[in-house]
Structures are given as structure tokens and as C-alpha cells.
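Peer 1: Respectively, the protein sequence lines represent chains S and C.
The first sequence begins at 107 in the working numbering and counts up one residue at a time.
The second sequence begins at 107 in the working numbering and counts up one residue at a time.
I should point out that these hints are in silico values taken from the structure, not numbers from a laboratory.
Fair warning: there could be bad hints in the mix.
Each pair may be met inside one copy or between any two copies, as identical chains are not told apart.
Unchecked claim - Here are the simulated BS3-like cross-link-like pairs (lysine-lysine), alpha carbons at most 30 angstroms apart as the crow flies: (1) 116 - 210; (2) 214 - 225; (3) 210 - 225; (4) 116 - 225; (5) 166 - 117.
Protein chains: 2
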Amino acid sequence: MEKPIKDILKKGLAARVGGSLWIEANGERFFGPGPVELLERIAETGSISAAAKEMKMSYKKAWELITHLNEQTESPVVIPQTGGEKGGGSALTEEALRLIEYHKALRKRFADFLSEESKRLQS
Amino acid sequence: MEKPIKDILKKGLAARVGGSLWIEANGERFFGPGPVELLERIAETGSISAAAKEMKMSYKKAWELITHLNEQTESPVVIPQTGGEKGGGSALTEEALRLIEYHKALRKRFADFLSEESKRLQS
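Could you build all of it, start to finish, from the sequences and the hints given here?
Peer 2: Set out below in C-alpha cells:
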């Protein structure tokens, strides 16, 4: 039976496994927590400028993130809604909602991985 | 049936999931790839100075890493061997070998996680 790692580590040492995760597309970072939060807030507020404001982000920066996302997706992630009841607002496409959902699930799987490894380290 | 992420991403986009992993002990980084490589080379060469040289690391830096590891483990990871056939050399303790083995297995599990997630992204 192998010696448990926790018996090798100094007693009382609060060791855990940490990490970071990202999606790369053609070598560039793609769709990290920042863009995801922006999309979520656009979905909530129906407005790019309101979403950007909530994140203390300039409108220009928000549009850059959206443009960058649109360049990496088959169809746009945000649809400007001109006219109608919500005139001037913006809505997310189905694809954007799917990306948000995927990202959430991916983060959850990674959090589970880290948690399991931290438990293994302590047992 | 949910739309696969790969159909949302622009065709031909080589998306993959990347990440980095570390062990924290009381908030500090502990036993990353650098210290592990140093220990492995000490095991191979039987000498701290030879191991440091191979890694283009100063002897002082190597000793700092070893001292730091020793502070975080119940018993020392490196034993100076004075006298005898291997006089002047250094050997790894069983605990150090276990840490190397654990680290290798942890890295393998993380590589598998990233590989599985990258496959999921492309399918």
C-alpha cells in the first residue's frame, strides 16, 4: 500500500489542487468568463450599454468582445433589436445561450475535478 | 437535442480546452513542475549540483527549492550522503519518490481531462 500524500506533507498543511481553464481557438483565447458574463448581462438587461455599465466596462470594449465572438461563431451571438416594444435593445441568439450553458457546464466539471483532486490529496 | 458547440463555432476553427494546474499549501504554490524536475534529476545524477547544472539553475536556487520542500514535508525529501561509495552525493527519500509519482499521476489525470473536454468541444 502506498503512503498517502497527506502523510508525507507536514501535518496541518492545508494543501489543495488549484487550476485555471480556458478555451483556445486558433491559438487565441476564446469565450472566457468575461465575455460569458457580458452575454449573461445582455440577456438580463436586454441592452449592451446597460450590461457594459454593470461590468464597469466601456461600451467600446463591450462591442469589441461581441465582435470578436461573432468572428469566431457561424452566426452572430447578439441581435440588435430595432423598433417594436424593445426598440433599441439587444437580444442574445440561441447560439449565445448554448455557449453560456456549455461554459457553465464546463466550469462545473472543472470545479468537480479540482475538488476531487483536493480530496484525494487530503486522504 | 442540443446543438453541438462545434456547429456554433465557425467552421474550421480549431478550438480546444487548455488549462494549468497547481498545488497550493497554505496559500503558497507547492511542488510544481520545477521542483519535481529538480528532484527527478537529483535521483538520476545522485547530485544536487549536477541536477541544478542540467536545469541551468544556480546551486543556491536548487537548495532554496529543496529547503522550501523540506519545510512543507514531515521528513526531508533529499538526504545528503557523506562518505561511502557515493560520498558527497545526495539521494531522494522514499517520500520524494512518492511525491514525484503522485505529481506524474495528477498531471496525467489533468491531461486526460483537457483531452476529453477538447474532444467534447469538437463533437
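Peer 1: Tell me, please, which holds for residue 210 and residue 225 at an alpha-carbon limit of 30 angstroms: within, between, both or neither?
Peer 2: Intra 22 angstroms, inter 17 angstroms, cutoff 30 angstroms: intra and inter.
Peer 1: Indicate which option fits the pair residue 214, residue 225 if close means a Cα-Cα distance not exceeding 30 angstroms: within, between, both or neither.
Peer 2: The answer is both: 16 angstroms in one copy and 17 angstroms across copies each meet 30 angstroms.
Peer 1: Cα distance capped at 30 angstroms. Does residue 116 pair with residue 225 within a copy, between copies, both, or neither?
Peer 2: within (16 angstroms within a copy, 39 angstroms between copies)
Peer 1: For residue 166 vs residue 117, is the C-alpha pair at or below 30 angstroms within one copy, between two copies, both, or neither?
Peer 2: between (52 angstroms within a copy, 27 angstroms between copies)
Peer 1: With identical chains treated as interchangeable, where does the CA-CA distance between residue 116 and residue 210 reach 30 angstroms or less: within a copy, between copies, both, or neither?
Peer 2: between (36 angstroms within a copy, 21 angstroms between copies)
This entry satisfies every hint, going by the numbered hints stated previously.
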